[in-house]
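> Each chain is listed here by its residues.
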Amino acid sequence: MVLAIFLPILISLVRFIPGATASHGWSHFRSIFIYPATFGRHHRTPVAGGLVPTRGQSLYILLISFLNLILLVAPYTITQPQASFTTKSKQLLSVIGNRAGTMAMGNVVVLFLFSSRNSVLLYLTNWSYSTYLLLHRWLGYWAVLHTVVHSAMLWSYYVKAGTYSAEVLRLYWIWGIVGTVAMCALIPFSLLKFRQQFYEFFIVSHIALSLLFLVGYYYHIWYVYTYNWGYEIWMFVAAGIWALERLIRIGRMIFQGSSTAVVTVIPDADSEYIKLDIEGKDLKAGVAYLCFPTLSWRFWETHPFSISGSGSGPQQELLRTSQSNSVSDLSPGPERIHEKGASVYATASTVANGTRFQGPNSSTWFFARTRSGITKALKDKASGSDGKRVQLRVLIDGPYNHSGRVHSQIAQCSSILCIAGGVGITACLPFLRESETKDIKLFWSSRKSGLITDLTPALNALPSNVEVNTLVGQRFDLDSIIHEGLVDHDQDGTSKGPLAIVVSGPPELADEVRLNVTQTVRNFKRSRPYVLVDEAFSW
Amino acid sequence: MVQLRVWIFPILTIFQLCTPGARADGTGLIGYGKTLYSPTCAFACRSVIRKQTLACTPSSSIENHGTAHNPVSTPPKCFVQDTTFLKTMALCIDTYCSLSDQPSTTLIEDYWASHLGTGTLGQYQYAPVLSYKDALAAARQDENNARTSNATNSTPASIPEGLVPYNVSSPLVVTTGDSDSLNTTCLVNPVQWQLQYNYLSDFEINEKGHSTMT
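Here the protein sequences come in this chain order: A and B.
All residue numbers for the first sequence refer to our numbering, where the first residue is 1 and numbers rise by one.
All residue numbers for the second sequence refer to our numbering, where the first residue is 1 and numbers rise by one.
Please keep in mind that the hints were generated in silico from the structure rather than gathered at the bench.
Everything numeric in this text was worked out from a predicted model, so none of it was measured.
We put the CB at the ideal spot given by N, CA and C, even for glycine.
Please note that the accuracy of each hint is not assured.
Claimed, not checked - Cross-link-like lysine-lysine pairs, in silico, DSS-like; alpha carbons within 25 Å at most:
| # | chain 1 | residue 1 | chain 2 | residue 2 |
| --- | --- | --- | --- | --- |
| 1 | A | Lys160 | B | Lys51 |
| 2 | B | Lys77 | B | Lys133 |
| 3 | B | Lys51 | B | Lys77 |
| 4 | B | Lys208 | A | Lys88 |
| 5 | A | Lys193 | A | Lys376 |
| 6 | A | Lys388 | A | Lys441 |
| 7 | A | Lys284 | A | Lys88 |
| 8 | A | Lys90 | B | Lys51 |
| 9 | A | Lys90 | A | Lys160 |
| 10 | A | Lys388 | A | Lys376 |
| 11 | A | Lys284 | A | Lys441 |
| 12 | A | Lys90 | B | Lys208 |
Claimed, not checked - Label-pair ranges, simulated between beta-carbon atoms:
| # | chain 1 | residue 1 | chain 2 | residue 2 | range |
| --- | --- | --- | --- | --- | --- |
| 13 | B | Ser181 | A | Ala166 | 26 to 32 Å |
| 14 | A | Val148 | B | Ser181 | 45 to 51 Å |
| 15 | B | His69 | A | Ile11 | 41 to 47 Å |
| 16 | B | Gly66 | A | Asn401 | 37 to 43 Å |
| 17 | A | Asn228 | B | Ser169 | 33 to 39 Å |
| 18 | B | Leu107 | A | Val148 | 36 to 42 Å |
| 19 | A | Leu124 | B | Val168 | 56 to 62 Å |
| 20 | A | Leu169 | B | Ser60 | 23 to 29 Å |
Next comes chain A alone, as it looks inside the complex (with noise of 0.2 Å):
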């Protein structure tokens, strides 16, 4: 358990060696050993219901399941003969048995920790809130068959040892009853399928079988322990993770206060598009849970959504143009017109409504593509009322930077090559104002016109070294954007530092990104050492 927690830690340390980030070496080694998908193409597209770990991730899980397993059965001590157990098979049963038990509350503490947004971990190491969250699953994984090994184990040897049935009504043993029963029930309720499509019952059911969970080990112990050896300290180790994380994410919103959020669809895309401004919040990057408490009964929900940038909404609608398709290193926009801004938005957006942005407040802005859920009942509503927009009440959790601390490591790179589809640019937009230093190349594609109409006022803002490659309806050619950006940097002479990629969109492009990437460097002997950030966020 500890080295479960001190790894993410101890490999986190790497980035800090001198010069690890420029290094052709381990710029190869993460292309091979760390990056890929463990096999096949595919790491964010589920793959037979399931997601499969990049090779840096499955490196981490087996570690993990070689130490659950070979801790699982050695080592122990027997010594026969002796009082109690009378036979070495009965004495393990029991022993390896207990083994178990207190291995899964091992897990349990762990996956607690990793399922955290506001794990300490986040800050300590560059692995994404992403990654621990794939973890997580598989430390659940364990922590559910040393359940079952330790429930299987003690009744087989009860048993055998002639007192299961004075055993099993005893209250300890119902209550581990319960405890095992919503261990195991977890695990259809947070099946891929299941998650994507029901995500909000997901939720809520993940949180109640926990307890359920908890509150069964709990008494699982009290009753045959009480407080006498220890064991309850696990149980409440977990709970207190559980309990100050809420109690943190509950000081943050009441930090943040409560805002208004004006919701927005965003016009010539179809309806699949929304966009949220939060007036009066200033927040620059990362991922923002806002919980909508006026939307629906379920008013605790919390949705992340990326924050793409802030600043004064009226000033980016004015620059509204009607350029679509390629917007190439545009010189960064006027800036601080706010008078006439709302007028111009009217116009510009067939909605005759002039009396919404009052003055320079500055806000913060999100988009999000409407899929089910939050995302529906937010352009529901918006669609449904006057000029498409609505004003609703906000209240946020953040910003969390989830990525880990890539921030790092991006500032060892002289250029940064995003890569951006669709709704993905809302992440990548802090990134490209990162710096005015680097040689920065945007290739975003949407399939929408709609969207990049949207947001070409906040592309026009970026600092001036920044390219900007838009495309409507069409995909760029991977291949040849990331074979310019990783080798044929040497034809010119010159020997640049390292590269950072960014890679932002659909589960499919960064797949194709990543695939790209590793099998370029792989091919490319003098390719040019790179640092990859996979900015899209899965649960």
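We have chain A already, so just place chain B on it with the hints.
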């Protein structure tokens, strides 16, 4: 694995504040602040004779003062007041602990003060009427008396295969435990003691293993 101690330290501190009675066995996880059977040799002594009937054991009590799997009908108060039990315990501890764990006198005194009444978690509220030193001296006196009266001690029970008990002898009666009455100072049978010792020792080592391996 060592970091675990650092990691759970704040939690332990909170627990220490909440559970002042558990000092004898420590606080925390077994092997990390908590001991299960310390010293094992003394726990093994008590395990052999805990089910024997003492003079003050209620004859028709259904109350269980032991665990579900090892019911004990003698209440804690009775254990610490019964001088025969105390003398038998003192002799057993002196005989076997010096051969096995060799615990410090302080540890034995702490065990004596907290664990004679209760088998498992120690409680200082059940203070024995005799100190360990006095009980041992009285037991040795009984031994001398038995020697002069030329009593013969019974031969040890048959030794299970694979068990190597200590070679100890005493002019006193040798007890194998069970639920026989304990009305004179006895020597605990080395076979029974070794069986209990093996069990308790294995159990604690493996419990420590559970904490460490997790």
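> Against this structure, judge whether each hint is valid.
Taking the hints in turn, this is what the structure says about them:
no. : hint                            : in the structure
1   : A:Lys160 / B:Lys51              : holds (24 Å)
2   : B:Lys77 / B:Lys133              : holds (20 Å)
3   : B:Lys51 / B:Lys77               : holds (15 Å)
4   : B:Lys208 / A:Lys88              : holds (19 Å)
5   : A:Lys193 / A:Lys376             : holds (19 Å)
6   : A:Lys388 / A:Lys441             : violated (34 Å)
7   : A:Lys284 / A:Lys88              : violated (63 Å)
8   : A:Lys90 / B:Lys51               : holds (24 Å)
9   : A:Lys90 / A:Lys160              : holds (7 Å)
10  : A:Lys388 / A:Lys376             : holds (14 Å)
11  : A:Lys284 / A:Lys441             : holds (20 Å)
12  : A:Lys90 / B:Lys208              : holds (19 Å)
13  : B:Ser181 / A:Ala166: 26 to 32 Å : holds (27 Å)
14  : A:Val148 / B:Ser181: 45 to 51 Å : holds (46 Å)
15  : B:His69 / A:Ile11: 41 to 47 Å   : holds (46 Å)
16  : B:Gly66 / A:Asn401: 37 to 43 Å  : violated (56 Å)
17  : A:Asn228 / B:Ser169: 33 to 39 Å : holds (37 Å)
18  : B:Leu107 / A:Val148: 36 to 42 Å : holds (40 Å)
19  : A:Leu124 / B:Val168: 56 to 62 Å : holds (58 Å)
20  : A:Leu169 / B:Ser60: 23 to 29 Å  : holds (24 Å)
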